[in-house]
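Asker: Okay, here's what each chain looks like letter by letter:
Number of protein chains: 2
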Amino acid sequence: MKATQFFISTLKEAPADAEVRSHQLMMRAGMIKRLGAGIYNYMPMGLRVIRKVEAIIRDEMNRAGAVELLMPVVQPAELWQETGRFDKMGPELLRVKDRHDRDFIIQPTSEEVVTDIARQELRSYKQLPKNFYHIQTKFRDERRPRFGVMRGREFTMKDAYSFDRDPAGAAKSYDAMFTAYKRIFDRFGLAYRAVAADTGAIGGDLSHEFQVIADTGEDAIVYCPTSDYAANMELAEGVAPAGGRPAASQAMVKTPTPGKATCADVAELLGLPLSQTVKSLVMATDELNEAGDIVKATVWLLLLRGDHDLNEVKAGKVEGLKRGFRFATLAEIDEHFGCKPGYLGPIGLKKPVQVIADRTVAAMADFVCGANDVDFHYTGVNWGRDLPEPDLVVDLRNVVEGDPSPDGKGVLAIQRGIEVGHVFYLGTKYSQAMNATYLDETGKPRLMEMGCYGIGVTRILGAAIEQNHDARGIIWPEAIAPFTVVICPIGYDRSAEVKAAADALHDELRDSGIDVLLDDRGERPGAMFADWELIGVPHRVVISDRGLKDGKVEAQGRRDEAATSVPAAEIAAWVKGRVQV
Amino acid sequence: MKATQFFISTLKEAPADAEVRSHQLMMRAGMIKRLGAGIYNYMPMGLRVIRKVEAIIRDEMNRAGAVELLMPVVQPAELWQETGRFDKMGPELLRVKDRHDRDFIIQPTSEEVVTDIARQELRSYKQLPKNFYHIQTKFRDERRPRFGVMRGREFTMKDAYSFDRDPAGAAKSYDAMFTAYKRIFDRFGLAYRAVAADTGAIGGDLSHEFQVIADTGEDAIVYCPTSDYAANMELAEGVAPAGGRPAASQAMVKTPTPGKATCADVAELLGLPLSQTVKSLVMATDELNEAGDIVKATVWLLLLRGDHDLNEVKAGKVEGLKRGFRFATLAEIDEHFGCKPGYLGPIGLKKPVQVIADRTVAAMADFVCGANDVDFHYTGVNWGRDLPEPDLVVDLRNVVEGDPSPDGKGVLAIQRGIEVGHVFYLGTKYSQAMNATYLDETGKPRLMEMGCYGIGVTRILGAAIEQNHDARGIIWPEAIAPFTVVICPIGYDRSAEVKAAADALHDELRDSGIDVLLDDRGERPGAMFADWELIGVPHRVVISDRGLKDGKVEAQGRRDEAATSVPAAEIAAWVKGRVQV
Chain A
0 MKATQFFIST LKEAPADAEV RSHQLMMRAG MIKRLGAGIY NYMPMGLRVI RKVEAIIRDE
60 MNRAGAVELL MPVVQPAELW QETGRFDKMG PELLRVKDRH DRDFIIQPTS EEVVTDIARQ
120 ELRSYKQLPK NFYHIQTKFR DERRPRFGVM RGREFTMKDA YSFDRDPAGA AKSYDAMFTA
180 YKRIFDRFGL AYRAVAADTG AIGGDLSHEF QVIADTGEDA IVYCPTSDYA ANMELAEGVA
240 PAGGRPAASQ AMVKTPTPGK ATCADVAELL GLPLSQTVKS LVMATDELNE AGDIVKATVW
300 LLLLRGDHDL NEVKAGKVEG LKRGFRFATL AEIDEHFGCK PGYLGPIGLK KPVQVIADRT
360 VAAMADFVCG ANDVDFHYTG VNWGRDLPEP DLVVDLRNVV EGDPSPDGKG VLAIQRGIEV
420 GHVFYLGTKY SQAMNATYLD ETGKPRLMEM GCYGIGVTRI LGAAIEQNHD ARGIIWPEAI
480 APFTVVICPI GYDRSAEVKA AADALHDELR DSGIDVLLDD RGERPGAMFA DWELIGVPHR
540 VVISDRGLKD GKVEAQGRRD EAATSVPAAE IAAWVKGRVQ V
Chain B
0 MKATQFFIST LKEAPADAEV RSHQLMMRAG MIKRLGAGIY NYMPMGLRVI RKVEAIIRDE
60 MNRAGAVELL MPVVQPAELW QETGRFDKMG PELLRVKDRH DRDFIIQPTS EEVVTDIARQ
120 ELRSYKQLPK NFYHIQTKFR DERRPRFGVM RGREFTMKDA YSFDRDPAGA AKSYDAMFTA
180 YKRIFDRFGL AYRAVAADTG AIGGDLSHEF QVIADTGEDA IVYCPTSDYA ANMELAEGVA
240 PAGGRPAASQ AMVKTPTPGK ATCADVAELL GLPLSQTVKS LVMATDELNE AGDIVKATVW
300 LLLLRGDHDL NEVKAGKVEG LKRGFRFATL AEIDEHFGCK PGYLGPIGLK KPVQVIADRT
360 VAAMADFVCG ANDVDFHYTG VNWGRDLPEP DLVVDLRNVV EGDPSPDGKG VLAIQRGIEV
420 GHVFYLGTKY SQAMNATYLD ETGKPRLMEM GCYGIGVTRI LGAAIEQNHD ARGIIWPEAI
480 APFTVVICPI GYDRSAEVKA AADALHDELR DSGIDVLLDD RGERPGAMFA DWELIGVPHR
540 VVISDRGLKD GKVEAQGRRD EAATSVPAAE IAAWVKGRVQ V
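Residue numbers (numbering that gives the first Met the number 0), protein chains in the order written: chain A, 0 to 580; chain B, 0 to 580.
Since the hints were derived computationally from the structure, they do not count as laboratory data. Some hints could be false.
Identical copies carry no separate label here, and so any pair may be met within one copy or between two of them.
Here are the simulated lysine-lysine pairs, PhoX-like style, with alpha carbons at most 25 Å apart [claimed, not checked]:
hint : residue 1 : residue 2
1    : 125       : 316
2    : 11        : 253
3    : 575       : 32
4    : 259       : 339
5    : 259       : 87
6    : 171       : 321
7    : 551       : 443
8    : 428       : 443
9    : 32        : 253
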């Protein structure tokens, strides 16, 4: 293709509302154009990337046996009322009334519609398993859309839904999708990790996020560099320290810590490592009557090592906390501890509370904790001797770098990531709500076991750029670059030699199936090179009279420090040897 | 592909609400599945056709120099308020409010958004011409959605918009699109006509509809079999009969026609051809004051030959009728004609009216018309002698078969058609409303000249089927068939020979780039053949033990009366020789 037959529109400056690098670069490179908050036009340059991303996804989904269909953007509310999501989903769900005042929604996903299809179409066990997917426009009315395509309101998603006879079948379907996703992300050419994620109320261990690694990512990814272990922060297991609890070696002493209301301050005052302290978090749960009034509040003491943070998802799995918990009020704290926050601890309670210790805390000896007396802490505290063993010992905390890997094969590291894919075992959540059954061999109706599998197509663009850019612009992986090769002739309209060489190279590469663009816009070399570095095309060939005089052209990869001088006669073969077709 | 890896779902009966053949067949063939009124899931079989249609469109649009982008489905109301369409468009425009109570619309087309892009991006004459297109989901909240994908609410459309410096440039862009559309419809393999259409308020002659020929089409297409003339019924010109008005040969006689209030009844009574009668249509126009009250009504007499029908679009172009007209009331008729309808005519008016005669009427002699006296008509009426020449002679009627072609190269024929594409010169309608200007060579801002070019992607499916089906099902043109070839093995799971031959043929055709499906479902031959005839795959190869014993397989085109016996060893070559790749 020639540039003048295409549409190229680059900007020197990114608009002020572009907060993150990928958003800035996509705007500057003319990939997207803002239409409204979280709503973008995909300009020709950006659309080319989307199409390549979609083609890879489609290819691997088909290979994995999934079947493509297309479900509507505007969906009748009835189905969403069947599952209760029409009411349960907040304002993120865009609701609309048609001319007859009937309710519709703009789809954020398609569980309801695909389950409706399945319950009508998949009537026999002989038709299972089946996996339907589509690549379609979605809308989520985010409260605060931002980061360009990373948290937009309108976006393109590939969502797939598998239907199986039983959990074992669903696990197989899940594995097939997991494998397909790995192939997809491998083909994108992005550094990523598939990390185990929390399955929430569904249970089981079949949930993985596909995270594109980027320093700027919103998510913390936990992994073990010496094993396959990888999980998101919500799920990553904090194991008890190897070797168990050391023996007590100190006496418990009530120590004055005037004005030192944080573990860090106490540790500093006492000259002890922060990891020797224990922090006390006081939570409360409410029991409601049918009218929704609070009839009883229960207070819980959560103990974490001073340098650790509470993982609310893990706390939410503790029996008694599952239905939601909150920070205790000052009154509730005073009632149970007879003290104000900053000096709280598990010893000498005024009124009993449930004590839940993180695994690490349960394995500590000679630790420091609040004394339930303002300006005092205990030092040298030991379980069993100075206070009873905790009521419950569980994993309550976020893991940290250097923690032992749960698989026992090394220590944990943490990276930042951007979630761009998710595979998830749904069980019978939707099939039950919508009575999606099939008949088994005995003619008995049974609920279908479902899984869902999403990839944020447009989000891939943002994530790829967050991972791959430099001061000059985007650096696309070859498989999803808008063009693979750009030919930059200097003096295309002045020099017959340059024009002939550029045209010949263009035609030869194009005919070899290489996605090549010839920049015939007549820009000055500096502006032209800057454009293509901003846009991030992986390979550039510069053809000039000066070079041709010596029979040479210059080739440079987007990540190369300098250009390589290549004999003009060999340039096509040279390029072909370096690009994937 | 193998059938068991795909999804095939056929029905014996079409649902009761499927009124037209294409809707019935698409439902029965499992191409679409109803989700709500005018909202369909495109099932895997239907989506394959859509993708082929889209690919052809994309290919030819790109070849014609158009550039693809993607504009959002959910669009901010502000732009639609700029052009006034937010208020002017009726309930067809689906309006929605986001969580912040801001107005949005679900796009029915994208003139506003593309013009917004153009006014920001196309700033210099050097950037023109430019043609942007996208293939995107549209929504029109039809009052009465029906005919399946032919008049759905959610549908896929390709819409392109050209931007030019001046009308001459716009005409060139228009021609390029016209040519591209012809290539597109040729490649679809559909019988179609590009017919001139009315340009309405824009004026000019740059509007063509692309009509797929089908007996069941809603539109009447007028064409000349011996020339290139083709127009839709709204526009097709009715010319005056050759030879002009004959000389008067009869005396005018007031003739009793008791109870004969229609031209047909009068002609029958008098033993004259209907074409010797003239019918009188009495219309009125209202002049309103600023408050919108009627301050003056004007009455018009429109004269048409008894066997001709009024063309309201043509009447609406008459000066004085342009702002709309209505049938006159009985009181108005009595006031001017002193008679009730059924016996009205242009002779002996009680109060003068504007007389507008169709060209054919103006060329009549010795004609019959009402005498403005109940139960009487005049016969032998002649212009000039018996009544003044009409105030205005214009083309007022729908043309009929056998009319002279306006290009003088034959006579007109009429076909039914389904409009699936439209190319239209917009002029500055949108660029003016949205101030979309570019700077010319002198630095002066000038409005861009626009054109718009649509193809109803999903509608193509319905139109193709209306044109191509028989009692057994759909007959897809090869280029847009869901599969080009289906291999139907008999006893695939029983006979190793059949399986080997079927697999080998499948692999060879697939590797030659032919879109082939092997039906490995294990259906009985009758059911299997019925499915593929219903689905409409163009080529079928049946492989059976019985045939293989004689070294033969059977090949049959979807339109063939009978199968052809082909030597098994030659079947791949035989198929390859018959399909486009």
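Asker: Now tell me, hint by hint, if it's right for this structure.
Answerer: Taking the hints in turn, this is what the structure says about them:
1. 125 to 316: The answer is neither: 38 Å in one copy and 64 Å across copies each exceed 25 Å.
2. 11 to 253: neither (64 Å within a copy, 85 Å between copies)
3. 575 to 32: Neither, since 33 Å and 46 Å both go past 25 Å.
4. 259 to 339: Answer is within: at 13 Å inside a copy they meet the 25 Å cutoff, but 104 Å across does not.
5. 259 to 87: neither (44 Å within a copy, 69 Å between copies)
6. 171 to 321: neither (30 Å within a copy, 68 Å between copies)
7. 551 to 443: neither (75 Å within a copy, 44 Å between copies)
8. 428 to 443: Answer is within; shortest intra-copy Cα gap is 20 Å, inter-copy 64 Å.
9. 32 to 253: neither (64 Å within a copy, 74 Å between copies)
This entry does not satisfy hints 1, 2, 3, 5, 6, 7, 9, going by the numbered hints stated previously.
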